[in-house]
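Colleague: Here are the chains, one letter per residue:
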Amino acid sequence: MPTSPEPEYQLAAIERLRQAENPFILYVASGAEDDECQRFDVPAFLAQQRADIESIIDLYRLKPDRVSHVFPIVGDAGTGKTHLLGTLRRDLNAARQLFIVADSFPGQQEPTDFFLWQVVGSLLARSGPGAQMLTHLSRRLTSRLLVEAVRRLDPSARLGLIPPQGYWDGLGRRLGLRSVVDAVLRKIDDLLETCDGAKLLDLPGVCHGAGLPLDLACQTIEEHLEKSEALDANGWLRRRLFAGFARLALQGDREDLEDFLTNGFTEAPGHVAGTGSLTKKLLTVLLEAFGAINVPVILAFDQLEDFLRSGSMELEKERKQNFCRGLVALVNGVPGLCILLFAERGLWNEVLGSLDRYLTDRLARPFSLPGQGPRERIDLPDRITRSDLVALIRARVQPTLGDLEGKDPLPDIFPFAETDLDHLVEQTSLRGCLQQLSKRYGERLTPAAPPVIVSPVGGAGPDDAFPGELHERWTQRWYYHRSRALARIRADEISAADIPAVAEAVQVWLDYLTEHSLAGPAQWAKAEVRQHGHELFGYVNLLRFEGPRSAGLGIGAWLAEGKHRPKDLEAKLAFFEIKPAVLRNLVLLRRDGQEAVSGVSKDLFEAAIGKGKDIRVESLSDGDLAVILALPQWLKAIGPDLEPAGLAGREVVNAIVQERTGALLERLQSWRVTPAEAAQ
Amino acid sequence: MTATTADEEAIQLSHPSSLRRLAPEAIVVQSIKRGDRPHVSLGGIHLRARKKYWVRVLPQRDEFEDATHHVGLVVDEHLRSPGHTQESLREDGRKEHVLTLGCAALFRPFPVRTSFSVVLRHTRWGDYNQSIPVVVWPSLWNQLAWAFTCLFVPLWMPRLADVCFYDGHLRPSAVMLDKLRDSQEFLVITAAVTLAGAYLVRLLGWAAHAFIYGD
Numbered sequence: 001m002p003t004s005p006e007p008e009y010q011l012a013a014i015e016r017l018r019q020a021e022n023p024f025i026l027y028v029a030s031g032a033e034d035d036e037c038q039r040f041d042v043p044a045f046l047a048q049q050r051a052d053i054e055s056i057i058d059l060y061r062l063k064p065d066r067v068s069h070v071f072p073i074v075g076d077a078g079t080g081k082t083h084l085l086g087t088l089r090r091d092l093n094a095a096r097q098l099f100i101v102a103d104s105f106p107g108q109q110e111p112t113d114f115f116l117w118q119v120v121g122s123l124l125a126r127s128g129p130g131a132q133m134l135t136h137l138s139r140r141l142t143s144r145l146l147v148e149a150v151r152r153l154d155p156s157a158r159l160g161l162i163p164p165q166g167y168w169d170g171l172g173r174r175l176g177l178r179s180v181v182d183a184v185l186r187k188i189d190d191l192l193e194t195c196d197g198a199k200l201l202d203l204p205g206v207c208h209g210a211g212l213p214l215d216l217a218c219q220t221i222e223e224h225l226e227k228s229e230a231l232d233a234n235g236w237l238r239r240r241l242f243a244g245f246a247r248l249a250l251q252g253d254r255e256d257l258e259d260f261l262t263n264g265f266t267e268a269p270g271h272v273a274g275t276g277s278l279t280k281k282l283l284t285v286l287l288e289a290f291g292a293i294n295v296p297v298i299l300a301f302d303q304l305e306d307f308l309r310s311g312s313m314e315l316e317k318e319r320k321q322n323f324c325r326g327l328v329a330l331v332n333g334v335p336g337l338c339i340l341l342f343a344e345r346g347l348w349n350e351v352l353g354s355l356d357r358y359l360t361d362r363l364a365r366p367f368s369l370p371g372q373g374p375r376e377r378i379d380l381p382d383r384i385t386r387s388d389l390v391a392l393i394r395a396r397v398q399p400t401l402g403d404l405e406g407k408d409p410l411p412d413i414f415p416f417a418e419t420d421l422d423h424l425v426e427q428t429s430l431r432g433c434l435q436q437l438s439k440r441y442g443e444r445l446t447p448a449a450p451p452v453i454v455s456p457v458g459g460a461g462p463d464d465a466f467p468g469e470l471h472e473r474w475t476q477r478w479y480y481h482r483s484r485a486l487a488r489i490r491a492d493e494i495s496a497a498d499i500p501a502v503a504e505a506v507q508v509w510l511d512y513l514t515e516h517s518l519a520g521p522a523q524w525a526k527a528e529v530r531q532h533g534h535e536l537f538g539y540v541n542l543l544r545f546e547g548p549r550s551a552g553l554g555i556g557a558w559l560a561e562g563k564h565r566p567k568d569l570e571a572k573l574a575f576f577e578i579k580p581a582v583l584r585n586l587v588l589l590r591r592d593g594q595e596a597v598s599g600v601s602k603d604l605f606e607a608a609i610g611k612g613k614d615i616r617v618e619s620l621s622d623g624d625l626a627v628i629l630a631l632p633q634w635l636k637a638i639g640p641d642l643e644p645a646g647l648a649g650r651e652v653v654n655a656i657v658q659e660r661t662g663a664l665l666e667r668l669q670s671w672r673v674t675p676a677e678a679a680q
Numbered sequence: 001m002t003a004t005t006a007d008e009e010a011i012q013l014s015h016p017s018s019l020r021r022l023a024p025e026a027i028v029v030q031s032i033k034r035g036d037r038p039h040v041s042l043g044g045i046h047l048r049a050r051k052k053y054w055v056r057v058l059p060q061r062d063e064f065e066d067a068t069h070h071v072g073l074v075v076d077e078h079l080r081s082p083g084h085t086q087e088s089l090r091e092d093g094r095k096e097h098v099l100t101l102g103c104a105a106l107f108r109p110f111p112v113r114t115s116f117s118v119v120l121r122h123t124r125w126g127d128y129n130q131s132i133p134v135v136v137w138p139s140l141w142n143q144l145a146w147a148f149t150c151l152f153v154p155l156w157m158p159r160l161a162d163v164c165f166y167d168g169h170l171r172p173s174a175v176m177l178d179k180l181r182d183s184q185e186f187l188v189i190t191a192a193v194t195l196a197g198a199y200l201v202r203l204l205g206w207a208a209h210a211f212i213y214g215d
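From first to last, the protein sequence lines are chains A and B. Taking my numbering, the leading residue of the first sequence gets 1, the next gets one more, and so forth. Taking my numbering, the leading residue of the second sequence gets 1, the next gets one more, and so forth.
Any given hint might turn out to be false.
Said to hold, decoys possible - Calculated pairs, EDC-like style, for lysine to aspartate or glutamate (alpha carbon to alpha carbon, straight line, at most 16 Å):
{"id": "1", "chain 1": "A", "residue 1": "Lys636", "chain 2": "A", "residue 2": "Asp202"}
{"id": "2", "chain 1": "A", "residue 1": "Lys636", "chain 2": "A", "residue 2": "Asp306"}
{"id": "3", "chain 1": "A", "residue 1": "Lys199", "chain 2": "A", "residue 2": "Asp215"}
{"id": "4", "chain 1": "B", "residue 1": "Lys52", "chain 2": "B", "residue 2": "Asp36"}
{"id": "5", "chain 1": "A", "residue 1": "Lys187", "chain 2": "B", "residue 2": "Glu25"}
{"id": "6", "chain 1": "A", "residue 1": "Lys280", "chain 2": "B", "residue 2": "Asp62"}
{"id": "7", "chain 1": "A", "residue 1": "Lys602", "chain 2": "A", "residue 2": "Asp614"}
{"id": "8", "chain 1": "A", "residue 1": "Lys439", "chain 2": "A", "residue 2": "Asp403"}
{"id": "9", "chain 1": "A", "residue 1": "Lys63", "chain 2": "B", "residue 2": "Asp62"}
The hints are simulated quantities; they were obtained by calculation from the structure and are not laboratory data.
Please build the complete structure, drawing on both the sequences and the hints.
Modeller: So this is what it looks like as structure tokens:
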């Protein structure tokens, strides 16, 4: 087709686009903080599905103890599931619901324990939506507790809340001088009215304004908790937890709450500790706290295929069974939980078909939204509309054009032609559209650009990418996930609550190496995550080299800080006590390395060495920890592209895994050798 | 890892008792006769013996409809409550419960410490009891009567004896009247002492409550 000369303003616009990055290269919004992708969001696209999910969340907000339910959000590969999840996390006000996106599913853990640590890990993050939620939760609960504590005081006791301003003020209160007493009671009433309002407060500021000292406010709340909460296990946990929230909200003291949530709750008095699983009870109390301020708890699983797919049919079947049983255990055992499951349509149907009736009935239970009929899932559209496509092009190209003069006459689909769109609307997936747009965009911006698009289907998919290109693209993705993990580490978002998550991440790496025979000379007979003793600290990755039942190498992330550091160490050392022995030697991964072995930890360490235990502390740099945490995320992100890329793609992934984790694997091989063996 | 079955214990959520809106939003005590509010000090609310008061109770707004279905008073000694409750609608449409509280007559000259409890019967949570300490003051007439008995009468007994009798015999009435006329100054002094005594009793009562019960 002959091309007509392009007007000057169009050439200027093309020149401007040439100077910028291809805006169609990124496909999805991978997280709430992923500004690059969020900038390109088209709100109209998937608006109905987003509205449906928000309706579901609102149902749980209105009735926090509503029956738990799994809500599958299904669509074909590349239809925008991950993008929908990412934009949902961005758009939903972080302080209005606890939105947890699980990046793993428990192997050894009980599902309720797994869920508890997800909640705790999210709340104890130093930044991001979890931190916002902790602030919101602590302020709202503390306001509520303060209001109720003061309202349960009689008027004469209320007079004692605000210290007198000098002798005469105090005497006036004792004698009941109306002017003095009324002024104090009015201040208290104003405080109650402000705290009982719907607005989120600067609570310390409000207390200062009323003249109520913060330590007295904390003390009043603690006395109220002592009087009003029961003496049973839940009552004890509530007293400690709510007092921790009060100290955080009023005095900014976070340590007490962190200690309690990570370890303190296990140090319960006998009458509490003897009543059964404390993790389950702590989860109950946390969910009650969320319910009391109408904050729904949402657990989302993205890329279901990452949890379920495996090279071996047997393993895949086992994973499907375990995952679904875990979900059903959560649904049955934890009330008020909204589980969003983002899955490929084919895979979800396959999973449901392979389950027994008990599991299917619970996972495919119909639900109904206001004004709509019952259904079992939320379906994503299987075709992108022309108007959405135009909006998508505009959203991605316009920011690059910026304030370019004379851009107004440019068509909405610039720099594409109408014929390009005719081919694209036949695409069934958004990702396919973006891949083709990316390719066509490149062609349009090269000086000898062909006038029309010619390859309607699968033009620029991973199938056609050279391994070199794939390697570069996936390496970029790797850097992206590693930098995100590193940012989390440097923002102190990784804490003792992440010990199970780190163990799971190490396991993903070990499993990958096993499945693809990449372990080299270090090949082990069996690798597993082992949990023993302490609910949080008691996690170790166990590599059995001599046989599946032999004692092997334990690798444990020693992450606890402060007074919990020795407890974490003690929990790991307890693995040596298991009979028959499971540990031959233990490697503790620690950010500050050998420096951590001091004080009480040193005594414990030396006592264990004295007993002939082979333990060593290995320094784990932020970069190494980021590699461990990034690997599962990266594998998940490239998952959809991996299958179409075939064998070549798999080789590229293997190569990247070897490049990026090779140094860690070498260290792992050296850990296998005990000092006695090394001496020989 | 297994799916939870009916045999296993599922988590049961409840509304934490420390967060329940049990206490009333406001309790206002108001004199029925004069409409004013009694004094409040660190020792409690100061009421007068033989007086009647309204106790206005405003339950908190709750997320649950008809959260409080009954409000009552339980009184300790020296207080009375007829037991019936009136409900009134405030300007903002909220329901307020109005109860009557009466103070019994006090024979003693000093105030007495007691309490009453407002009982809110919550549909979901059961009864909640809020105790309010009060100080019941004897009336001024009571204290005057005590001062009269303890000061005026003892001061006047010898004087009257002197006015009426001489050497064991009754004086003539004209002499008695003369003597009484001569005692006018004494009468004023003893009346003033009696009045001061009554106020002294009151002052002692305040002091006791301010420095003993106030802490």
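Colleague: Work down the list of hints and note, for each, if the structure agrees.
Modeller: Taking the hints in turn, this is what the structure says about them:
Between A:Lys636 and A:Asp202 the CA atoms are separated by roughly 40 Å; this puts the pair beyond 16 Å, and the hint is violated. Straight-line distance between C-alpha atoms of A:Lys636 and A:Asp306 comes to about 6 Å, which keeps the hinted pair within the 16 Å bound. The straight-line distance between the Cα atoms of A:Lys199 and A:Asp215 is roughly 23 Å, outside the 16 Å bound, and the hint therefore fails. Restraint check for B:Lys52 and B:Asp36: satisfied, since their Cα atoms lie roughly 12 Å apart, inside the 16 Å limit.
With a C-alpha separation of about 15 Å, the suggested pairing of A:Lys187 with B:Glu25 holds against the 16 Å cut-off. The suggested pairing of A:Lys280 with B:Asp62 is violated, with an alpha-carbon distance near 29 Å, which exceeds 16 Å. As the CA atoms of A:Lys602 and A:Asp614 are separated by approximately 15 Å, the hinted pair is consistent with the 16 Å bound. For the proposed pair A:Lys439 and A:Asp403, the alpha carbon gap of about 25 Å is over 16 Å, so the pair is violated.
Distance restraint check for A:Lys63 and B:Asp62: the Cα-Cα separation of roughly 15 Å lies within the 16 Å cut-off, and the hinted pair is therefore satisfied.
In the structure shown, a violation is registered for the earlier hints numbered 1, 3, 6 and 8, in ascending order.
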